[in-house]
Amino acid sequence: MSEALVASQPAGTDLSVPAASGARQFWRRLRAQRAALVAAAVVALLVLVALAAPLLTAIEGQDPFTYHPSLIDSARGGVPTGSFGGITGDHWLGVEPQTGRDLFARLVYGARVSLGVALGATVVQVLIGVVVGVAAALGSRWVDQLLSRLTEIIVAMPLMIMSLALLAIVPSSFPRPLLVALVIGLIAWGNTAKIVRAQTLTLKQLDYVSAARLSGWGTWRIARRELLPGLAAPVITYAALLVPTNITVEAALSFLGVGVKPPTPSWGQMLTAADVWYQAAPQYLLLPAGALFVTVLSLTVLGDGIRTALDPRAASRLRIGTGRKREARADAGTKGDAGTKDATTKSASSKEATS
Amino acid sequence: MRIPEHPPREVVIPMRQPSVIARRVAVASVSLAVAAGAAACGPKDNDAKGSSGDSTPHKGGTLTVLNSNPQEDFDPARLYTSGGGNVPSLVFRTLTTRNRENGAAGAKVVPDLATDTGRPNKDATVWTYTLKKGLKYEDGTAITSADIKYGIERSFAPELSGGAPYLRDWLVGAADYQGPYKDKKGLSAIETPDSRTIVFHLDKPEGEFPYLATQTQFTPVPQGKDTGTKYEQHPISSGPYKVVSNQNDGETLVLERNKYWSTATDSERKAYPDKIDVKSGLDSSVINQRLSSSQGADATAVTTDTNLGPAELAKVTGDKELAARVGTGHFGYTNYIAFNPTVAPFDNVKVRQAISYAVDRSSVVNAAGGSSLAEAATTFLPNQKSFGYDPYDLFPAGASGNAAKAKELLKEAGYPKGITVTLTHSNDKDFETSPEIATAIQDALKKAGITVKLQGLEINDYKDKIHSVKTEPGFFLAHWGADWPSGGPFLAPIFDGRQIVKDGANFNTGLLNDKSVNAEIDAINKLTNLDEAAKRWGALDKKIGEQALTVPLFHPVYKRLVGKDIKNVVISDWTGVLDISQVAVK
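These protein sequence lines are chains A and B, in that order.
According to our numbering, the residues represented by the first sequence are 1 to 355, in order.
According to our numbering, the residues represented by the second sequence are 1 to 586, in order.
Warning: the hint list may mix true and false statements.
Residues from chain B shown here face chain A by an in silico Cβ test under 10 Å; the list is partial [what the hints assert, rightly or not]:
(1) Ser293
(2) Gln442
(3) Glu458
Hints listed in this document are in silico derivations from the structure and should not be mistaken for laboratory results.
The beta-carbon is built from N, C-alpha and C at its ideal position, and this holds for glycine as well.
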């Protein structure tokens, strides 16, 4: 939170984080949620695995593209030889039916696609959403009408069908992961824009923004210096929840055959190829499905935790970040409401008792 | 099957299972591939035995047919079949038909309504047939040669389109004929001097006319009963069964015995069950699951358009009881890499040869489903005697490719550092022209210093591109299936220079226009001894192969699962599908 925001913080509003503790309080509130912490650790691990994919596969001594015909039983439809889908010291998670490609290598390289595309799409969605939302809220009535209707059209558009159509017509020479990220980003920014517009309209009414306007600041400067900091909390929250959604969309598109193209591995694509193998080679299906499940779950939990940590109302309702007396006191003290100090302390201790 | 735009001589037979969703998305491809279940033939010995111990087939009972594609067009004029189809062949008899035997014997053409497979004149331009005595429709009226003529004529009506293009191409003066509804005079190329004789006049020698006469367009249709486009709701049966009910445009069909049909005039169809219950619109995985569990009526069920995919095969082969219920089928079909020699660097024969040497057929076969579902191909013609198969291997790549030889050829071609090329394929999930095969080739060519970029196209886009001279890519995956088991419909459309179509659907993708090849095609077409013709087709295939315009990859093999109480499983090499006219349930 910027100093400007903190300085002009009007009493009684709960739109922003309490004074002098922005980032610190955020971390404290996030830390207090055990599930979010675990989720954050898992996400960090996944990101690390994705980044270190070449290193990890080098340690294993495999790559995601080489065929190993000797590891599959050609006469039986290409099912991996050996137990548990051909798991050996050389192939940590077994091999792919019909090709014998290493599953561990494909899974970790697939993580790059899944996470990369999802993050890229989220960045696009947030950028467009913020620009359109702020422009609609600050622009003239006509601009607002135009942008708001456009946003509604975008929100009403069925994401999967539009992506299928767009991805089918773009020439295959265009780099596929980038294209998938762009398409998801360009189609699904509507809700971000709506949230940003509503939040901007609220912020616009506040005294500090009026003050800035009265002192002769231009719209652009107000938007940048006064409004964007106030928008950070809702946008970060929403973005955190967009990432898992985007991962599932990417997987679904690859599953339907219009996402990332072979031989580039992706989890959605592995799922498509594996869906018929659920009986003959279950691990082939379970690996990408499990990876997708863990990723989406941990990102969602983390996103939820971020929202809680950024939203003071939710934080106090959930009694998070006030668990320790010292903190509660500090909290109360900074608010400067001496009269309620005892009450706060009391309620904090009673919370501890109940939890 | 019905082909919308081009005259597609590609016989679409039921393919491996695409995943449910992939298939639903590729709606277009599915609608195209409404195959009129290719059928099979021949009784006697079989690889699948009924579990009851007594394997002698008996009459009676109800046979259930579980299919994915509905019998949408049940009009003999509109069906595009190989050898008369499977379900259609229970209702429609034709002048000739396929021999209902297992394996290679089933690739022979035999008489059906006619007393023989046809009597040609000296240069095979006039074919005469005589009908057997005592032939009757389901209403007891006699079948006449005029009805067969009328049946063929109505297949020329634009509203009843869908059949193969051969009749229009071959019959004298038929090119612009619009069918009997518009042109009452009829086709003068077909004569019926009496009620049992029919004579066909062709504008060029066609020794393979007996094969054509197996197609459903040669079914008798009584003019008085013709209801035009509504005829498919109740076509008049000449075969062992008649249509009792047809719901949802062929999705559920009930066939019962036609009491006027007799084994005295039909030695091919066995017709053991009393009733045939066809249920279609099912997903292929559902069909195989139902057949394997064989609960209730599914114990006496078969399918005529679904085979086992690699994953299902892996499961089935692990279970002895199930494995005993699998029949194996072959069909004249080749999957290959096609080159467009007008596109660099494929204009250089050495580059084409290098790729021929570099291909790893074992990994391609694995990608296609493994050695039980595909056989490596080094010839363009299918590996069957009836096609004149000559097992040549002009660019021996061994099982896994000869990268050294390929590099040497590339060097000679002026590419000592290797080349980068783009392989065009479809995004269909058919394990034939699909990404799985393309990536296997990509991996193999890498070893020979050939970097392959993949260009995957949506199936209709892919078909349009490869079949247009203007847009044809240089290097792509293709496949070809036979309309009947002979070299003619296999080699002529692909390599006859006079069949290059500049504006429209072109199948001669190698753009080969070699006078000696064209002349040999004409010479073979004059032969009426089909065995002799087959040998010549085989030799011609080898001669064309020297130009390396294609790299044959594999011939598919089909594994067909049947219900546990099914007896007398017959699968011919003509169709590769179990023949339901031979199946018994008791």
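### Task
For the hint on B/Glu458, just tell me whether its beta-carbon gets within less than 10 Å of chain A.
holds (5 Å)
* Have a go at the B/Ser293 hint: is there a Cβ in chain A nearer than 10 Å to its own Cβ? => Check failed: Cβ of B/Ser293 comes no nearer than 13 Å to chain A, outside 10 Å.
Margin query: The hint names B/Gln442 as touching chain A; please verify it with the least Cβ-Cβ distance against 10 Å.
Written below: holds (7 Å)
Hint compliance for this structure: hint 1 is the single one not met.
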